[in-house]
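J.: Next come the chains, spelled out residue by residue.
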Amino acid sequence: MRKLMLQPDPFQAIADPGRREILFLLSKEKLSMNALAENFEISRPAVSKHVKILYEAGLIMITEVGRERYCELNPDGFREIRAWMAYYEEFWQAKMANFGKVLNKRAKQ
Amino acid sequence: MQRDLSFKWYFPHSPAAVWECLTEQEAIAEWLMKNDFKPVVGHKFNFHTKPIPKMDFDGIIYCEVLEVEALKRLVYSWKGGPAPGVITLDTVLTWTLVPKENGTEVRLEHSGFKGFKNYLSSLFMGAGWNGRIRKRLETLLNEKTNATT
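Protein sequence lines correspond, in order, to chains A and B.
Count the first sequence with the numbering used here and you get residues 66 to 174, in order.
Count the second sequence with the numbering used here and you get residues 2 to 150, in order.
No wet-lab data here; the hints were simulated from the structure.
For every residue, glycine included, the Cβ atom is placed at its ideal position computed from N, Cα and C.
Some hints here could point you the wrong way.
[Stated by the list, open to error] If you only want the chain B side, here are some residues facing chain A, beta carbon under 7 Å, derived:
(1) L6
(2) W10
(3) Y11
(4) C22
(5) Q26
(6) E31
(7) N36
(8) P40
(9) V66
(10) W79
(11) L90
Just chain A, with the same shape it has in the complex:
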């Protein structure tokens, strides 16, 4: 049983220094798996394991060109942030409805 599937959290994905190195390299340019692996002393399967975690966290995209797989940052990849924005959109509408009620109540006092 591989644990990789259980780690979709971007922050956990980023917590590992090796994966941060991968992100750092990818923040400069799109790289093939081979080119990426050349930057590390760990084995290629170990690098691709990290890549998989980053992919599952929505932080990078993987495209296949011929036999080669290319990795790049997912520019829109911060699911958490989008989730927070959607959350606060509703949050403030609801809170400001309360705000109006509190204002009315205070005006009557």
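Got chain A; can you put chain B on it based on the hints?
T.: Just chain B, lined up with the frame of chain A:
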């Protein structure tokens, strides 16, 4: 990819009444959350609410008052995360009151929702990256650039 949320509401009350509701601890607790707010620049305060595990949020919002212009403008930071000291949401609230006929318009900018690239750059600038690692990466990158040119 930094993004902001902005809102506008109208209330049939004077700017003074709206300001009071926005800046008095008890009033804020009633419409927003339990808090220890004071309208004083530099004052650090928290909001307490229920944790939202799904959002990796422990229920505490950490804030600092950044600007106070009575009856007009109030700015404070709005930060939170999965555990004390771990900030994953780093945003700012800007409240602006605009007097209108028979009432007040309240504008709210909730800004600083950072996209992934912004987040990464702040991560690389931040404490998570000590000089040694960065230096090594720079070396690696230079070697790489030299190798390909």
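J.: Each hint should be assessed against the structure and marked as holding or not.
T.: Results of checking the hints against the structure:
Against a cut-off of 7 Å between C-beta atoms, the interface hint on B:L6 holds, since the closest Cβ of chain A lies about 6 Å away. Because the closest C-beta pair between B:W10 and chain A is about 5 Å apart, less than 7 Å, the hint holds. Checking B:Y11 against chain A by beta carbon gives a least distance of about 9 Å; that is not within 7 Å, so the hint is violated. Using the Cβ-Cβ criterion of 7 Å, the hint placing B:C22 at the interface with chain A is satisfied: the shortest such distance is roughly 5 Å.
Taking 7 Å as the C-beta contact cut-off toward chain A, the hint placing B:Q26 at the interface is violated, the least distance being around 13 Å. With its C-beta approaching chain A no nearer than about 5 Å, B:E31 sits inside the 7 Å limit, and its interface hint holds. Residue-level restraint check for B:N36 is violated (minimum Cβ-Cβ distance to chain A is 12 Å; threshold 7 Å). This hint is violated: B:P40 has a C-beta 16 Å from the nearest C-beta of chain A, more than the 7 Å allowed.
Below 7 Å, beta-carbon pairs count as interface contacts, and B:V66 has none with chain A, the closest being about 19 Å; its hint is therefore violated. At a threshold of 7 Å, the smallest CB-CB gap from B:W79 to chain A is about 9 Å, leaving the interface hint violated. The beta carbon of B:L90 comes within 6 Å of a beta carbon in chain A, closer than 7 Å, and the hint placing it at the interface holds.
Going down the numbered hints, you'll see the structure goes against 3, 5, 7, 8, 9, 10, while the others check out.
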